[in-house]
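These protein sequences, in sequence, are chains A and B. Residue numbering for the first sequence follows UniProt numbering, starting at 1 and increasing by one per position. Residue numbering for the second sequence follows UniProt numbering, starting at 1 and increasing by one per position.
Derived from the structure by calculation, the hints contain no laboratory data. Any given hint might turn out to be false.
Cross-link-like lysine-lysine pairs, in silico, DSBU-like; alpha carbons within 30 angstroms at most [what the hints assert, rightly or not]:
#1 A:K25 x B:K46
#2 A:K53 x B:K242
#3 B:K398 x B:K351
Derived Cβ-Cβ restraints for the label pairs, each shown as a range [stated by the list, open to error]:
#4 B:E140 x A:V30: 16 to 26 angstroms
#5 B:I10 x A:E38: 33 to 43 angstroms
#6 B:Q372 x A:E38: 29 to 39 angstroms
#7 B:E323 x A:K53: 46 to 56 angstroms
Glycine included, each C-beta is placed from N, C-alpha and C at the ideal position.
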Amino acid sequence: MIVKEWCMYCGECAGVCPRNLIEVKETVLVFDDEQCKECEICVKCCPIDALEKN
Amino acid sequence: MIMDNKIGLIVMIETDVLVIGAGPAGSTAAKHAALGGAKVILVEKKSEIGAPKRCAEGVSKEGLKLLGIEPDPRWAVKEIDGIRLVAPNGTDVWLNDEIKLPEAGYILERKVFDKFMAMDAGRAGADIKIKTLAKGMRKEGSGYVVTCETMGELFEIKAKIIIAADGPESHVGRWAGIKTGTKAKNMESGVQFEMCNVEMEDPDVLEFYFGSLAPGGYAWIFPKGNDIANVGLAVIATETDKTAYQYLLDFVDNCPATKNAKAVELNIGGDPVGGMIKQMSDDNVLVVGDAAGQVNPLTGGGIISGMTCGMFAGKVAAEAITEKDYSAKRLSAYDKKCQEELGSKLNKYLKVKDYLSSLSDSELDSIADAFQNVEFEEISTTELIKKLIKVSPKALLKLGKLF
Numbered sequence: 001m002i003v004k005e006w007c008m009y010c011g012e013c014a015g016v017c018p019r020n021l022i023e024v025k026e027t028v029l030v031f032d033d034e035q036c037k038e039c040e041i042c043v044k045c046c047p048i049d050a051l052e053k054n
Numbered sequence: 001m002i003m004d005n006k007i008g009l010i011v012m013i014e015t016d017v018l019v020i021g022a023g024p025a026g027s028t029a030a031k032h033a034a035l036g037g038a039k040v041i042l043v044e045k046k047s048e049i050g051a052p053k054r055c056a057e058g059v060s061k062e063g064l065k066l067l068g069i070e071p072d073p074r075w076a077v078k079e080i081d082g083i084r085l086v087a088p089n090g091t092d093v094w095l096n097d098e099i100k101l102p103e104a105g106y107i108l109e110r111k112v113f114d115k116f117m118a119m120d121a122g123r124a125g126a127d128i129k130i131k132t133l134a135k136g137m138r139k140e141g142s143g144y145v146v147t148c149e150t151m152g153e154l155f156e157i158k159a160k161i162i163i164a165a166d167g168p169e170s171h172v173g174r175w176a177g178i179k180t181g182t183k184a185k186n187m188e189s190g191v192q193f194e195m196c197n198v199e200m201e202d203p204d205v206l207e208f209y210f211g212s213l214a215p216g217g218y219a220w221i222f223p224k225g226n227d228i229a230n231v232g233l234a235v236i237a238t239e240t241d242k243t244a245y246q247y248l249l250d251f252v253d254n255c256p257a258t259k260n261a262k263a264v265e266l267n268i269g270g271d272p273v274g275g276m277i278k279q280m281s282d283d284n285v286l287v288v289g290d291a292a293g294q295v296n297p298l299t300g301g302g303i304i305s306g307m308t309c310g311m312f313a314g315k316v317a318a319e320a321i322t323e324k325d326y327s328a329k330r331l332s333a334y335d336k337k338c339q340e341e342l343g344s345k346l347n348k349y350l351k352v353k354d355y356l357s358s359l360s361d362s363e364l365d366s367i368a369d370a371f372q373n374v375e376f377e378e379i380s381t382t383e384l385i386k387k388l389i390k391v392s393p394k395a396l397l398k399l400g401k402l403f
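Given only the sequences and the hints, what does the whole structure look like? Please build it.
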């Protein structure tokens, strides 16, 4: 997953990830790309379009 | 067991109760667990508790009173004495002046409020660790070991009871095997500006705007004093192809109150509005606040409900520590208390929310028209819904049996 530079680390993506794969630190977002099934729910829910599939 | 970090081993700290997340729910849980005699550690991943805010900042006076919290002007920045409901065509319903408002309240400054709630936990005896991220946990003996990271250094906290207060992200509950996390259709995507130069007709009321300007949610203007207001909205992302931010820009451009307003802050965040999760505890674990869906599905408000349940969690945890019983059965007293206090109300509001979300702009306009002729003696969420059922045959059919 690509995290765009305007991500504000709100954590909404982590909350909706059905596989609990997104770690939200204070200024870093960490995805477990290996386990990701690319459902793109995180992309859809981001309020500011800060995520993009690789 | 303490080992030297410098030679690559990890320090372990032991405690009775570990609260993960220092938002209002977590801080309240930590405070009450500490007051109940438990040894408590409260961890928060951010460097500053309460910032950035992810909230419209409204609370009821009644709720604060029930929690035993005296309003402080440093964080209760604006008193509210009414509401204004605005339909898609601009028809508005004013509920203020001589109408009783049991849910009247304040607009908070969350950056101060959250810190004050954490300070109360600290003064009660909780140890607070900020800039400390919980990265994972494992069951060990009669508790859990949580791996934490603070500025690159790993360490572990062993606790008999974990209180998961990590907000909508809700990792901790899921690590413990509890079904937390929120389906996309139940997560409001929120976005808000704090603005100056907001020209409200009445700067002492909360304004709510409904309709297709915020699919699955609503827009709000919550005054913070003088010409300052939180101007925001929330949408259900699965109901639209535009982002919440795009909807907010449109709203600000078109709303008369904000045509000259200037944004000084942008906030975003998710708000779980699918109701309380069914299971909120298990062996050695309690889940509180947004992580447990303890949010009013209709308004999106979760401060008071989260803190109330946080109080229950802290008390139950302290009692369990005293009794040396951290089992799911013992901790289920927490679930029972939350359900008794909030369950029925939140379930009803969930049904109302689903109903309102199904209405078209013209149906909402008709309801606003019908409300022009309604006498209100008291405004509360329940009273508004009861009036809605009276004026709308469709609402009567869908919601009549609830209230």
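Practice prompt. Determine which of the earlier numbered hints do not hold for this structure and return their numbers in increasing order.
Written response: Violated: hint 6 alone.
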